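J.: Spelled out, the chains give:
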Amino acid sequence: MTDTSERLSNHEIGERLRLAREGVKLTQSQAAEVIGAARTTIVAIEQGKRRIQMDELQKLATSYQTSANVILRREAVHLDMVPRFRKLDDSKDIDVERATRLLNDLVSAEVELENALGVTRARNYPPERPILPGEVRSQAEQDAQELRDWLGLGSGPIMDIVSILDLQLGIRVYVRPLHGKVSGLFAYDEAAGACILLNANHSHERLTQTGAHELAHVISTRHQPEVLTEGERFASREERYANIFQRNFIAPARVVRQRFAEITAGQSHLTRRHVILIAHAISLSREATVRRLEELKLAREGTWDWFQGNGGITDAQVREVLGDIPRPNISVVLKGMVPPRLALLAREAWKQELYSEGQLARLLHLDRHGIREVLDGAEREEGEADELVKILR
Amino acid sequence: MSDGPHKSLPLRPHWRTFAQRAAKAAYALDEVRETLAYAIKRDVLQAPISNIREIMDSDTLFAYMRIEKLEALRSRHPGSAPAQLAIDCAVAAVGKGLTGQAGTHAATTMAIEDTTRSAMRSIEEHYQREAHPRSSRYVRERQLAVRQQFDCGALASELLSPAKPPPQRAVKLAVRDGLDQGPPR
Chain A
1 MTDTSERLSN HEIGERLRLA REGVKLTQSQ AAEVIGAART TIVAIEQGKR RIQMDELQKL
61 ATSYQTSANV ILRREAVHLD MVPRFRKLDD SKDIDVERAT RLLNDLVSAE VELENALGVT
121 RARNYPPERP ILPGEVRSQA EQDAQELRDW LGLGSGPIMD IVSILDLQLG IRVYVRPLHG
181 KVSGLFAYDE AAGACILLNA NHSHERLTQT GAHELAHVIS TRHQPEVLTE GERFASREER
241 YANIFQRNFI APARVVRQRF AEITAGQSHL TRRHVILIAH AISLSREATV RRLEELKLAR
301 EGTWDWFQGN GGITDAQVRE VLGDIPRPNI SVVLKGMVPP RLALLAREAW KQELYSEGQL
361 ARLLHLDRHG IREVLDGAER EEGEADELVK ILR
Chain B
394 MSDGPHKSLP LRPHWRTFAQ RAAKAAYALD EVRETLAYAI KRDVLQAPIS NIREIMDSDT
454 LFAYMRIEKL EALRSRHPGS APAQLAIDCA VAAVGKGLTG QAGTHAATTM AIEDTTRSAM
514 RSIEEHYQRE AHPRSSRYVR ERQLAVRQQF DCGALASELL SPAKPPPQRA VKLAVRDGLD
574 QGPPR
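Chains A and B are the protein sequences, given in the same order.
Residues in the first sequence are numbered consecutively from 1, following the numbering used here.
Residues in the second sequence are numbered consecutively from 394, following the numbering used here.
Take the hints with a grain of salt, since some may be wrong.
Cβ-Cβ distance ranges computed for the label pairs, FRET-style [unchecked claim]: (1) B:ASP544 x A:SER236: 47 to 53 Å; (2) B:GLU523 x A:LEU153: 39 to 45 Å; (3) A:GLY156 x B:GLU518: 46 to 52 Å; (4) B:SER515 x A:ALA200: 45 to 51 Å.
I should point out that these hints are in silico values taken from the structure, not numbers from a laboratory.
These figures come from a predicted structure and were not determined experimentally.
Positions of the beta carbon are idealized from the N, C-alpha and C atoms, including for glycine.
This is chain B alone, in the form it adopts within the complex (with noise of 0.2 Å):
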C-alpha cells in the first residue's frame, strides 16, 4: 500500500504533514487548517523576530539606517530562508514607513502570506506530477478553502504577543489521542 504523494514531498516535514491532511479526508478542514498554523509557526519562528522587533523599535530618525540594521542582521543569518524572507518583508515594511509595532505586525504577516503561498503551490505542484488527477484536484479545492479562512495577520499577532517568540521546537500539533476521539464519519 502506498504512503501517497506527501512522503516524497521536497518540503520540510511540517508541511508533508500539512499535505497529508489536505489530501485525506478523515481530516475536517478544521484540522487542515490547525496543521496550517503549526507548519507556518515552524518555518517563520526560524527568523530572528525579536532582531527585528529590536530594529523597529529602535530610535532611528531615518529609514534608510533601519534598513541598513536590517540588512546587518541578514549576514548573522546565512542560509536561512524563513529568516531571509522575514527580513525581507521587514525592509518593504520599513519602505513603506511602518515602523515600531506596527512595521513588525506588517513584517510578519507578510513573511506568512509568502510562506504559505510558497508551501501551497509547491505542494499542488507536486500532487499534479505525482497523484491522481482526482486527488490533486481535492488537494488544490482543500488548500483554497482553507486559505481563505485563515487570517495571517491574527496568527502574526499571536506570535508577536509575548515578549519574546516561543522556541519553533515548542510548537506542537496538538494529538487527539482520547479513547472516544476520532474522524468525522
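Same shape as in the complex, but just chain A (with noise of 0.2 Å):
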C-alpha cells in the first residue's frame, strides 16, 4: 500500500473496477452495455490486460456508485468484504447490504488514514477458539469466562464494549446508525483483521450485548462473516455459541446469582424492584436480565411473559426504584459516531495536513458537523500542546 509508483498498474485499477463492480452487484454484461463495448472487454480490463480510457472509467464509476478519483487515488484503499457478506443467506435485503458497505468503506477509510500516517493496527486477538464437537454451551461459558479473566475485566459490569474492542483487543469497530433490524456484522480480513459494525439506533444495553454476540465470532468462528438481524431463530451451532458467550461474557452466572441472592434474600416474589436492582448491578437491560435469570434457574420459565402481561416494567418505575442516575452510554455514541482511535488518526491527518476536512468527511461517511466534532479537539489540543509532555518515540 505504500508503493512509491505515481501511476496505478492495469491490474491494480482492473481489480479495483471489479471490487466496486462487485459492490454494486453488476453483472460485467451489464457493465460492458454501460461503456457499449462487449462483455470481453470488462474481463479484459479486469484482468489488467487492456488500459481503461478516461471516458470509460467516468462512466463505470457512474455506475458503480463511486467516483474516478476514488478508483485512481493511490492511497484508496479497496477492500472486498462486501460479496464475502452477499454470500450469506439474510444479506439479499437491501438494509443489510447498504449496512455491509457501510462496514467496507469505513474499515477502507481507517485503513487509508493509518497507511498516509505510517501507524500499524496493533492485533491483540484473543487466541481462536474453534467450535468442538459435543455442547456448544459449556464451551462457550469457558471461552467467555477466560476472556474475561484475559482481559482483566474481573466481575464487574461491561460498560464500554466499544472501548473494549477497540482499544483492548484491537479490533475494528464502528457505531453507525442502521436499519432497526440489522443489530450487527462481522467481517475478518486477512489484511485489515476484524470488523464490527454496530446499530448506533439502539440502546446503550443491546449495543453491548451485539458487540459481545460478534466478538464470540471473533473468538470462534474468525473467518465466517455475519450480519445479526432482529427476529432471527438462531439454530446453527456457531449462534447458539454465539449468543451463549454473549450472555456469559457480559453477565456471568456466578456474578448473576450472586446479585440475585443478595437482591432477592428472603423474598418470595421476584417483583419489578428486584428486577430494576439487578439490572442495574450488571448493567444489563431489564428483558436480558430477567431472560439470564429463567436461564440460571433463578425464576421461573415465563418470567418475562409475566411481566409483560401485567404492564411491563416502565421507565418511570427505573427512576422510582434508582433516581434520575445518568444512563451510561458508549464512549463513542457520546462523542460522535467514531471509535477513539479512528478519531486520533483523523486529527492527525488533519494536523498534518494530509487530508482536508472535506476528504475525511467522505472517507468515515460523515457531515460537516460530525467531522468538526472529531476534528474538535484536535484544534484544543494544538493550542496547549506546549503545556503537555511529548510522547517519546
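Got two chains here, each in a separate frame; can you build the complex from them with the hints?
T.: Okay, structure coming up:
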C-alpha cells in the first residue's frame, strides 16, 4: 500500500473496478453495456490486460456509485468484504446490503488513514477457539469466562464494549445508525483484521449485547462473515455458541447468582423492584436480566412474559427505584460515532494536512458537523501543546 | 425467540392468554384460574342471558311453549356459538323440568361447563401438535389442576347476581403492575 510509483498499474485499476462492480451487484455484461463494449472488454480491463480509457472510467465509476478519483487514488484502500457478505443468505436485504457497504467503506478509510500516517494497528486478539464437537454451551461459557479473565474484567459489568473491542483487543469497531432490524455485522479480512459495525440507534444495553455477540465470532468463527438481524431463529451451532458466549461474557452466571441472592434475600416473589436493581447492578437491560435469570433457573420459565402481560417494567418505575441517575453511554455514541483510535488518526491526518476536512468527512461517511466534532479536539490540543509532555517514540 | 404455541392457537385471544398462562411456570395456579374465569366470562357473556332469564321466569304453563320461545330466540343470534350453546343448555334445563331462577342458573352452569371443556380440549390438542411433549404434558396437568378447583356453579351465580349481566367488554383481567409485585420465585 506504500508503493511509491505515481501511476497505478492496469492490474490494480482492474482489481479496483472489479471490487466496485461487485459492490453494486452489476454483472460484467451490464457493465459492458454502460460503456457500449463487449463483455470481454470488461474481462480484459478487470484482468489488467487492457488499460481503461478515461471516458470509460468515468461512465463505469458513475454506474458503480463511486468516482474516478476514488478508483485512481494511489492511497485509496479497496477491500472486498461486501461480496463475502453477499454469500450469506440473509444479506439479500437492501438494508443489510447498505450496512455491509458502510462497514467496507469505514474499514477502507481507517486502513487508508493508517497507511497515510505510517502506523499499523496492533492486534491483540485472543487465541482462536474453534467450536469443538460436543456440547456448545459449556464451551461458550468457558471461553467467555476465559476471555473475561484474560481482559482482566473481574466480576464487574461491561460498561463500554466499544472501548474493549477497539482499544483492548484491537478490533476495528464502528457504531453508526443502521436500519432497526440490523443489530450488527462482523467480518474478518486477512489484511484489515476483525471488523465490527454496530447499530447506533440501539440502546446502550442492546449495543453491548450485539458487541459481545460479534466478539464471540472473533473468538470462534473468525473467518465467517456474519450479519445479526432482529427476529432470527438461531439454529446453527455457531449462532448458539455466540448467544451463550454473549450472555456469559456480559453477565457471568456466578455474578448474576450472587447479585440475585443479595437482592432477593428472603423474598418469595421476584418483583419489579428486584429486577430493576439486579439489572442496574449487572448493567443489563431489564428483559435480558429476566431472561438470564430464567436461563439460570433463578426465575421460573415465562417470568418476562408475566411482567409483559402485567404492564411491563416501565422507565418511570426505574426512575422511582434508582432516581434520575445518568444513563451509561458508550464512548463512541457520546463522542460522535467515530471510535477513539480512529478519531485520533483522523485528527492527526488533518493536523499534518494530509487530508482536508471535506476529504475526511467523505472517507468516514460523516457530515460536516460530525467531522468538526471529531476534529475539534485536535484544535484544542494544538492550543495547549506547549503545556503537554511530548510522547517519546 | 419463539413466542410459544399459544400464538397460533385457533381460539379467541382470551383463550390464548389462558393457554399462555397454563403453559408458563411463572404464573401461579391462582393466576391461571383467574384467567380461566375471565376467558369464560368473555365467551358466555356473548349469550343472551337476560332473554333466557326472561323466558325462564315467564308465566308459561307448558314446557313446550318455553322451548318454542327459546327456539325463537335462537334465530335472533345467528352465527353466535356462545348464544346457540346457552340456548341449547336452556332447552336441556327446561327438558329436565327446571324453570325460573333455578333453570337459568342450571342453563348458565351447563354453558360454562361446556365452554370450559371445549376450550381446554382444543388447547390440549393444539399443544400436543405444536409443542414439545414435556410442555404439552405440563399444560394438560395445569389445566386439569385448575379445572378441578374451578366452580362453574359459583361463576354462574356471579354472572346472574346482578339484575343485568355486565357487558362482555367490561370484563377485564386484573393487571399487577405495582413495583413490588411479581411472579413467585
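J.: It remains to establish, for every hint, whether it holds in the given structure.
T.: So, going through the hints one by one against the coordinates:
1. B:ASP544 x A:SER236: 47 to 53 Å: Hint holds: Cβ distance 50 Å, inside 47 to 53 Å.
2. B:GLU523 x A:LEU153: 39 to 45 Å: 42 Å, holds
3. A:GLY156 x B:GLU518: 46 to 52 Å: Holds - the Cβ-Cβ distance for GLY156 (chain A) and GLU518 (chain B), about 50 Å, lies within 46 to 52 Å.
4. B:SER515 x A:ALA200: 45 to 51 Å: For SER515 (chain B) and ALA200 (chain A) the Cβ distance comes to about 46 Å; the hint holds.
The structure meets every hint from the earlier list without exception.
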